[in-house]
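Engineer: Letter by letter, the chains look like this.
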Amino acid sequence: MKNAIEKIKALDLKNYGHDFLLTWNKTPDELEATLLIAEILRERHRLGKPNLVFDSGLAVSIFRDNSTRTRFSFASAANALGLAVSDMDEEKSQVSHGETVRETANMISFMTRVIGIRDDMYLGEGHSYMKEVSSAVQSGFEEGILHNRPGLINLQCDIDHPTQSMSDLAMLKSYFGSLDNLKGKKIAMSWAYSPSYGKPLSVPQGIIGLLTRYGMDVTLAHPEGYNLIPEVVKLADKQAQLSGGSLNTTNSMDQAFTDADIVYPKSWAPFHVMEERTSLLKRGDQPGLKDLEQSCLANNAKFTDWECTEEKMQLTRDGKSLYMHCLPADITGVSCEQGEVSASVFDRYRKDTYMEASYKPFIIAAMMFLTGLKDPLLALDVLEN
Amino acid sequence: MKNAIEKIKALDLKNYGHDFLLTWNKTPDELEATLLIAEILRERHRLGKPNLVFDSGLAVSIFRDNSTRTRFSFASAANALGLAVSDMDEEKSQVSHGETVRETANMISFMTRVIGIRDDMYLGEGHSYMKEVSSAVQSGFEEGILHNRPGLINLQCDIDHPTQSMSDLAMLKSYFGSLDNLKGKKIAMSWAYSPSYGKPLSVPQGIIGLLTRYGMDVTLAHPEGYNLIPEVVKLADKQAQLSGGSLNTTNSMDQAFTDADIVYPKSWAPFHVMEERTSLLKRGDQPGLKDLEQSCLANNAKFTDWECTEEKMQLTRDGKSLYMHCLPADITGVSCEQGEVSASVFDRYRKDTYMEASYKPFIIAAMMFLTGLKDPLLALDVLEN
Amino acid sequence: MKNAIEKIKALDLKNYGHDFLLTWNKTPDELEATLLIAEILRERHRLGKPNLVFDSGLAVSIFRDNSTRTRFSFASAANALGLAVSDMDEEKSQVSHGETVRETANMISFMTRVIGIRDDMYLGEGHSYMKEVSSAVQSGFEEGILHNRPGLINLQCDIDHPTQSMSDLAMLKSYFGSLDNLKGKKIAMSWAYSPSYGKPLSVPQGIIGLLTRYGMDVTLAHPEGYNLIPEVVKLADKQAQLSGGSLNTTNSMDQAFTDADIVYPKSWAPFHVMEERTSLLKRGDQPGLKDLEQSCLANNAKFTDWECTEEKMQLTRDGKSLYMHCLPADITGVSCEQGEVSASVFDRYRKDTYMEASYKPFIIAAMMFLTGLKDPLLALDVLEN
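So the sequences go chain by chain: A, B and C. Going by my numbering, the first sequence opens with residue 6, and the numbers climb by one from there. Going by my numbering, the second sequence opens with residue 6, and the numbers climb by one from there. Going by my numbering, the third sequence opens with residue 6, and the numbers climb by one from there.
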């Protein structure tokens, strides 16, 4: 751990008051610090050592969509650092846009150190809402209304899912030994069939938006029409060029899997469907939503062969690619009749996917640590000595 | 802070087991101690110093009406002092009156230090319910069932809203420099137009029931018929006479604003309407409630000129009166078409209203401090040394 | 307390990772240690001494049925030991059986020390679900996914209600002076009339399944047909023989009360009705459920004389039997027209029933202490010195 602390000291940290909303707006040093702090907190937890760096304070969570895993990861992280979770249940209050966001953001923040938000339902909304909250607490802090500037953590928006992608990166760093070792490794971020529809784009976008920064060969595969937000793909492509990696897109799952070191087969809805769905949802057009769902499911059904089977796994490097998933996966014959992954593949990698998930509370804790503490280096020293 | 602690030591405190239900049942010393402790806790928080005076224990909240601000203020206060919030969700349990209140009050209190209750929906109910809970935990404590006597804090009832009025008093003390400086200052507690109906009376009642004790010239203004509970007005009048201040009532907003040092324009429902509404609610008379709402809104609509505009603000002392509001305000052209206050007035005082709100978690913490600790003076000494 | 600690040191503790699901699967030493720790924690709480043995960590609660008392007891216990409660609200997530239970159990457990579950609605389900969760976290711990092995605490299942029966045992130990003094004491665990139906069997089963181990004369009384799960009665009978006590069953409340030292009159649904209800609930057969309810209530109504009246109390030893109830009781003329107990009997023993309930948070804390800590003896020493 001393080694990790030395590494952190060499990094350029500008975290207090710097929200964690999109990984691509964070510097390489900020990302590395997040990984290193997560590793330190994880190792200390394994050894039974406390990670209490706040004496008190609230960690406010705002979930605009259901969640079990992220909810518990957020609660675990807050508790580990000494914060108490206070959930903002919007049914018991009223949060909307405009003036009210500014006011509510301040009213819940008088003793708040971090605010975690999940808002992934509407394209064009989640990230905007987070920026509104961020600007509200920033000005509340500058005006002296708030004694502390609560740091925001994106627990999944319409664009990115940084607590997931950073956990995945932590898993990959551990699995392959270092970030450097990721260079040249091929990851297949592939669409996969699911009997449900309307799954958010933020996981695949988060993956290509993060891993292209580490010199990896990222292959994005999906059936024709299942595009992601074009700006994110463009940004990932630019990042890949800068990092000496590559971003390839294909309409063939097989091609993506061929010689892959890592596969990440996961369903999502096409970008244009999410756009249409968003406008139907806003208009409250129930029949329209029903029609859209049916036409989507019908379209999905053409691609039931996009399943991560043993045969497909045989295409990967030595047939031994790492299988990743954000969970829960749609497992053929287990959680659904036909899904993203065959039961035997999932079962072989079940432990790995649990391990992948186990990084999330520590990644969130590291984000809280960096954005909520005025002097994270001092806090590290106090913890260790 | 040393100064504040010395002042507290000179006061006559009898707080442990003394609930904070109505400000007018508290002695001047108890009120002053509450303000002083709130100031100490606030300043310590600003400096990043911990306020942990309980090693553990629950702060139980019972919200019989929606709330965001008070909910978070209560959670913040509890957390700052070292208590964990446990919300009693009545949908997941059953609390009614009679034997059950006594039993439930004890069952939730075995390790509880404070109980905060909001119950402002029905005239004649909220305060009675709090007294029932209070007497239940008092006898539980006397019988040895409870090791501690949880202190009750009124988070808004049908009669008073002491966490609001005490926060407002803390704001005024800070704004004008001292409680003494409030003497002779004119405050206009004025009804204002709102497009909604059924707003509780507890804010204006709380204001006139508290500020008349500090030698202020309190002017209560409302359209004919929009009376408050007569007993509270009577009590406020008596207090004003004792304190060397005055309580004037008028049916003219202009008259109230003229030369006012502070204005507090806020909508409420007429007392007789609240009485009628209470009996309709009890009978579950939906058509009756609908009729009442419509006739009320129609009546309200006669008074849309009861709006705090720039013109009205010009009537106040040097045109520079402080504008106060418990938030959220109905802002014309922002949160509604026509409301309590014009957008330009609100915007000019937005920061002040946020500051006003920022006192609430510290006021609640001070109430917890005084009612939940057996020896608050010792706790202060421990904090400071 | 030193005495109690010495006693605990002499016991054979194998608690870490040993769930508390059924009292009859725990050794006498484990039960005694639970009682002793509860007594120590209770006495320390009474003296205002902290019981913080965890520096951080979650106590996850899963309530598949409504609860106030147990919910607050669980929250109190967790808080007293230094854990934060995180409630798993199944409406906001999805937990079902099979693969999903294993996954969810691990996902909520990365920083979790104890998991409390109430699942008492379906015969044949609650205990099975708990065993599924237990085996999931056990393998997660063994695979290195979880750094700690969260201990499970049964907060009421279809078979047993150990936090209730152990609290009752703590009450009896205190009331009669020692566990030894319970030998030969007669307890009447009797059915009683209630105007509701479908009350779980776990309380009477828990009582006969625990108290038959302490040499007591346990009499189980109910109208013909109101049987408990046959396996539990058989097990209790075997235990009674081993402990030198007895288990008698009768269809006469009077006979049960005669010369009883303790009476525990409480309603429950017949075993065969619960079986039928379970299969109707599973099929979602609403008309069938309605029919069943009506026929049950009609059958219940034949036994309104199964009420704990002053006359019945006169039959007990010197007319001075202790009256016990898990609360809330159906009190004639108070909470219902005709119920389990007359108002005058309940009122005379009200304080005793509250005291009985007051043991629950400490019993739960003791269970958390023993199952969640790797070295409970060391923790005790640290607390005391």
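Quick caveat, the hints were computed from the structure, so don't treat them as lab data. Be careful, since some hints might not be right.
Note that identical chains are pooled: a pair holds if it fits in a single copy or bridges any two copies.
Unchecked claim - The calculated lysine to aspartate or glutamate pairs, modelled on EDC-like cross-linking and capped at a C-alpha distance of 20 Å, are:
no., residue 1, residue 2
1, K239, E44
2, K54, E44
3, K379, E37
4, K7, D34
5, K325, E137
6, K295, D357
7, K14, E280
The structure presented is a predicted model; accordingly, all values stated were derived computationally and were not measured.
Engineer: Take the hints in turn and mark each one as holding or not.
Structural biologist: Here is how each hint holds up against the structure:
For the homomeric pair K239 and E44, neither the shortest alpha-carbon distance inside one copy (31 Å) nor that between copies (53 Å) is at most 20 Å. For a Cα distance limit of 20 Å, the shortest separation of K54 from E44 inside one copy, 13 Å, qualifies, whereas the shortest one across copies, 29 Å, does not. Taking identical chains as interchangeable, the C-alpha atoms of K379 and E37 lie at most 20 Å apart only when both belong to the same chain, with a minimum of 18 Å there against 34 Å between chains. Within a single copy, K7 and D34 get their C-alpha atoms as close as 18 Å, which meets the 20 Å cut-off; across copies the closest is 44 Å, which misses it.
In the homo-oligomer, the alpha carbons of K325 and E137 never lie at most 20 Å apart, since the shortest distance is 45 Å inside one protomer and 31 Å across protomers. In the homo-oligomer, the alpha carbons of K295 and D357 never lie at most 20 Å apart, since the shortest distance is 37 Å inside one protomer and 48 Å across protomers. Proximity of K14 to E280 under the C-alpha cut-off of 20 Å is found in neither arrangement, the shortest distances being 44 Å within a copy and 64 Å between copies.
Checked against the numbered hints given earlier, this structure breaks hints 1, 5, 6 and 7; the rest are met.
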